[in-house]
Structures are given as C-alpha cells and as structure tokens.
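Undergrad: So the protein sequences, as listed, match chains A and B. Last residue of the first sequence: 318 (the numbering used here), numbering continuous. Last residue of the second sequence: 1318 (the numbering used here), numbering continuous.
Be aware that a few hints might be false.
As the list claims (entries may be wrong) - Pairwise CB distance ranges, derived in the manner of DEER restraints: (1) A:203 - B:1310: 31 to 41 Å; (2) A:11 - B:1232: 23 to 33 Å; (3) A:202 - B:1309: 30 to 40 Å; (4) A:178 - B:1309: 44 to 54 Å.
Since the hints were derived computationally from the structure, they do not count as laboratory data. By construction, the Cβ of each residue, glycine as well, lies at the ideal position given by its N, Cα and C atoms.
Number of protein chains: 2
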Amino acid sequence: MSASFPPGAPRRAVVVEVGLRDGLQAEQLILPTATKLDLARRLIAAGVRHLELTSFVSPRAVPQLADAEELLARLGRPEGVEITALVPNAKGAERALRAGVDGMVVFLSASESHNRKNLNRPIARSLEDVAEVARLGAAAGVPVHAALSVAFGCPFEGEVPVAAVVAIAQRLAELGIRRLSLGDTTGMATPPLVRERVRALREALPELELALHFHNTRGIGLVNAWVGLELGIERFESSIGGLGGCPFAAGATGNVCTEDLVYLLHESGIDTGIDLEALISVARDVERLLGRPLPGQVMKAGPRLKLHPLDAVATARG
Amino acid sequence: MSASFPPGAPRRAVVVEVGLRDGLQAEQLILPTATKLDLARRLIAAGVRHLELTSFVSPRAVPQLADAEELLARLGRPEGVEITALVPNAKGAERALRAGVDGMVVFLSASESHNRKNLNRPIARSLEDVAEVARLGAAAGVPVHAALSVAFGCPFEGEVPVAAVVAIAQRLAELGIRRLSLGDTTGMATPPLVRERVRALREALPELELALHFHNTRGIGLVNAWVGLELGIERFESSIGGLGGCPFAAGATGNVCTEDLVYLLHESGIDTGIDLEALISVARDVERLLGRPLPGQVMKAGPRLKLHPLDAVATARG
Chain A
1 MSASFPPGAP
11 RRAVVVEVGL
21 RDGLQAEQLI
31 LPTATKLDLA
41 RRLIAAGVRH
51 LELTSFVSPR
61 AVPQLADAEE
71 LLARLGRPEG
81 VEITALVPNA
91 KGAERALRAG
101 VDGMVVFLSA
111 SESHNRKNLN
121 RPIARSLEDV
131 AEVARLGAAA
141 GVPVHAALSV
151 AFGCPFEGEV
161 PVAAVVAIAQ
171 RLAELGIRRL
181 SLGDTTGMAT
191 PPLVRERVRA
201 LREALPELEL
211 ALHFHNTRGI
221 GLVNAWVGLE
231 LGIERFESSI
241 GGLGGCPFAA
251 GATGNVCTED
261 LVYLLHESGI
271 DTGIDLEALI
281 SVARDVERLL
291 GRPLPGQVMK
301 AGPRLKLHPL
311 DAVATARG
Chain B
1001 MSASFPPGAP
1011 RRAVVVEVGL
1021 RDGLQAEQLI
1031 LPTATKLDLA
1041 RRLIAAGVRH
1051 LELTSFVSPR
1061 AVPQLADAEE
1071 LLARLGRPEG
1081 VEITALVPNA
1091 KGAERALRAG
1101 VDGMVVFLSA
1111 SESHNRKNLN
1121 RPIARSLEDV
1131 AEVARLGAAA
1141 GVPVHAALSV
1151 AFGCPFEGEV
1161 PVAAVVAIAQ
1171 RLAELGIRRL
1181 SLGDTTGMAT
1191 PPLVRERVRA
1201 LREALPELEL
1211 ALHFHNTRGI
1221 GLVNAWVGLE
1231 LGIERFESSI
1241 GGLGGCPFAA
1251 GATGNVCTED
1261 LVYLLHESGI
1271 DTGIDLEALI
1281 SVARDVERLL
1291 GRPLPGQVMK
1301 AGPRLKLHPL
1311 DAVATARG
C-alpha cells in the first residue's frame, strides 16, 4: 500500500525495543552480558533506533539486569540510536548518568496498591523520587522520561480512574517530564480506555508526548496499538519475540511482540525503518537462547508473502 | 462502556463458533462424538447461537469429522441456534439435508492453486458444484452460504487480486448465495486488504451479507476483526481456544480465538449474547482434552477485572 492506514495514523512510527529490559527482567534465565550485547547490536543492525536497554534498580531485586553498567560501557553510544534505561531514584540516576545513557526513564504506578507493591512507597513519595531524578537529569543535560504502570487498570484495585492518570501526568509535567509512556502492565487496556486516556491527556497536557506500551495478556495488545495509531500516536514500546511473561498468570503473554507490531505497521503503510526479516532472525535466536516458545507469531509463520510449494502441504479442507 | 466503539461498529455482533469443524479437522486427535456433543451443548449454554458444527466431506479425507450424521442426530435442533455444516458437493449436500442442518456452507478458494490443492479441481468446476448444492438447498428450503478460502492471499500464489474475489462472489450471488464468509486461510489478511475487499464487495454486491473469518497466524487476526467492525461488519467466525493450527507453519496459530474475540467485542460495548466466563471454561476444557496449550489468551489470564491479592505476586519492577 502506498498510503498509510488508518486515516489519522502517522506515516512513520517509532518502535521502542524494551525486550532487553522489560523482557529479560521477567525471565528466570540470566543472560550473559556478551549475549545481551550481541542481541542489542543485532537489533540496531536490523534498524531499531530506540532501545530501552536496562534498568538501574537494585541488582539484588533484579539480578537479570545487574550488568547495567557493563552492558552500557561495552555497547557504547551507537550513532543515531537512543539508548534509555530505567531509574527508580536518585541513586539509580547517578549510576545511569555515570554509565552514559541518552535518556533516563522514571517509573511509577497509576494505582497506590501497585506503586506500593512495585516500589514500596506511596505515589506521592515516588513523585519526590521523580523530582530528584529530574533535577539530576536537567543538571547533566540528559532527558528524563516517565513510564506509568497500570495506566489502564490495576490487578489489585481493578479500574484506574482516568483522573488519576491525568493528575500524575500533570505532576510529572510540572517536574519537567516531556514524554510519558502509558504502561498496560497486566493487559487490562481496551480500545475505549485507550481512546479515553489519550484524549484526556492530550486535552490536559497538549505538549506532553505520549507513548503506548501494551501487553497482549488478553489477546488484544495490537488492537489497542491500532486504536493508538488511529489517534495519531507515533511511539510504541514492544519486546522482541514477545519476550517477558506476565507475573499474574502462568503461560500468559506479556509485552506486545516487536516483530508482530512492525509487521502490522509495515503492512498498513507505516514506516519504522526496521528490517522485518532481520528482526525475525533475532526473535528466533532469542527463542533458542531461552529454550522455550515465545509468543511472537510472525517469527513462526514468516512474512506474509513467504510462499509454499504446492506439494509440501497436506490438504487444508475448507 | 455504554456506547459501542469504534464509530460505525454494530451494537451487536454475531460470533460463529467454528472450532468443532475448522478447529478439530486440523487436530491429530479425533474426539469421540459424545465429547463433541458435550462441547456443542456447553457452547450453546454459554450463549453461542451460531455453530459451524461439522463437515460432510469424505470421512477418509477428514476422519476427525466422520461422525457428522451422528453428531447432528444427537444434538438435534436446539431452539434459536443456527447449526451449519460444510458441504463440498451434491453428495455432501444430500447427506447434510438428510441429517438436518439449518444452513449448508459451500466452500471454494479465491486462487486456482489453493482450490486445486484443497478441492482437486479448478474454481470453475467448484462453482458448478456450488450450483448443484444451491439447487438442492433451494428445493429443500435450506439456505446455502459460501466460504471463500485464501480471500486475502494465497500461500502458493501470493497476492490474490480483489477482482478475483469479486468475480467469484458475483458468480456465487448469481447462484443464489446470500451470505459470503471471507476466509483468511493462512493469516495473510491485513487492515488495508480487509478494507479494500469489504468495500469492493459492497460496491459490487450491496445485497450480499459478509462474514469475516480471520486467522491469527501473524498476530493481527483481531486487528483485522477490528477493522471489519469499523466497516460495520456484524458477523465473525472464530474458534474456541483458538483451536486448529496452521498447516504451513509448525507452532503457528490458526483461527482467531472465540473468547479473545468476545472479550474484545464486550469491552468495546458490542453485545454478543455470550457469557465470557462460561466460554473460558469450555476453552480450558478443550485445552485439557487436547493435552497441549491452545493459543487463547483470555483463557489463561481470565477476564479483565479478575483481581489478585497484594501478597500473591512477586514484585513486577517497572
């Protein structure tokens, strides 16, 4: 198709690969730094220009990402690539700034229960942490972005009022945050909620750049992304192969899969700058590394026009 | 939500359960008739009102569905439920009419290669078979519907021109067919192709009722369904648990999953008359019966507002 579809969608979308951070932190297996480095380089070679690479949280809490400094040092600062890392507080920010990142991502939750569970403090206290990180970032000239967990629903509290999301976003904007990612942490986003939240945030904070981070836990992650596209959202976070599970349901899917998202975008005439075949190759290797099937679909079926010989397949029968 | 979303979508959608036909015919395991009967009854108890129950093809070709007559006889004609079966030709139609069905579904492919592979004859010859079935249906007062395979792309030929789809649909309409299902046999449908084909068919054949039958082989089955909803399509075919694989790729998904589709519809304010919890319960039992994980997501994660106790889950970390 020469024209992008749906109407209102951007001609080009930014795909932020979060697998090495959000995917790997949910995996039992701890990958060696050299393996992560190889994956990061291959993702970049495939055209990925935005990598959420690691997290400067406590190595005790997240041993999978304990090599944050080493990984950043060895990867360097590839030309034209935005490398970000999660930072929970000032201590994490100091580590991230020393390690050299293009952006720091602060994170908190839209519900008190999830924030306490995840960060062991109330939202108000997390906003103070954000303020400290924002000051450190500003002093160092490094942008600070924010990720809001359970922005579409909380596994402990249920519905999360849109007003709570807007109130936190307003406070974040006051602290100097210019980009906010809405996280669908346990797959509770739905098309009406995506529309409601994007509209409310745009009305309250027209200058705030929005990113969407969906999970496919209930099978509709890419439908939600599609609704985001219809609203003109240009930035989506996803994980190679769909890496990373859901802590709430054994066997359930977590992050939306990068190749499947890129496939949808390209087939809809929306450019990403990414080579889908190269991405599929990385996804298949990640699956081999982990030794279990990943949820990605395109990596199993191949691109759309991969043809089959007539004599290779049993009759399909209607 | 009180209003349906997206704009243009129907307030109510028809979900046609095809798992017992299209799902089971792709499975190695042959389920006993009593088990199929139990599943059919439980699907009906869950509110399913449209079942593509079985197929009157050769029992040698599809041993999984060799019990078509017995299954129909034992199920009877449940009040308010539309029971359909696939029929390949006049012989199949005679069997289906004797067994007592509410509708017969003829099937053929939009590409010559797939039609020859699947039905061992050219499309022109299949259209003659359709004509015979249409005559038998008309004489018996039983509606004849059509299903068009590879309507969005062919695994042997690649792109299928929209003109080919429209030409076959026109011929079907001349033969008295009033309802056509567009089958995405190997998961090659994309949003632009859905829009293109639905628009072209509506323009050429405004009286023809369209149904959409997507596969999730490349992860975007429900996005395509969403695009269909936006176009006002009211009838979707899906398979409980996502039953039925893809003959072209080991481990790849086939039919869109009924519970996930129903979840999307309900969350978008579109009624189906189906009880999602009851549907999930059936899907989980189908998974147990087959002894392997099915692709359905909602069956693993549960409904959206299923809450979790705060102390039951490990920290999620951002």
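Undergrad: Hints first: check each against the structure and report whether it holds.
TA: Consistency of the hints with the structure:
1. Between residue 203 of chain A and residue 1310 of chain B the beta carbons are some 33 Å apart, a value that agrees with the proposed interval 31 to 41 Å.
2. Checking the proposed 23 to 33 Å range against residue 11 of chain A and residue 1232 of chain B shows it holds: the Cβ atoms sit about 27 Å from each other.
3. Checking the proposed 30 to 40 Å range against residue 202 of chain A and residue 1309 of chain B shows it holds: the Cβ atoms sit about 35 Å from each other.
4. Between residue 178 of chain A and residue 1309 of chain B, the C-beta spacing of about 37 Å breaks the proposed range 44 to 54 Å.
Taken one by one, the earlier hints fail for this structure only at number 4.
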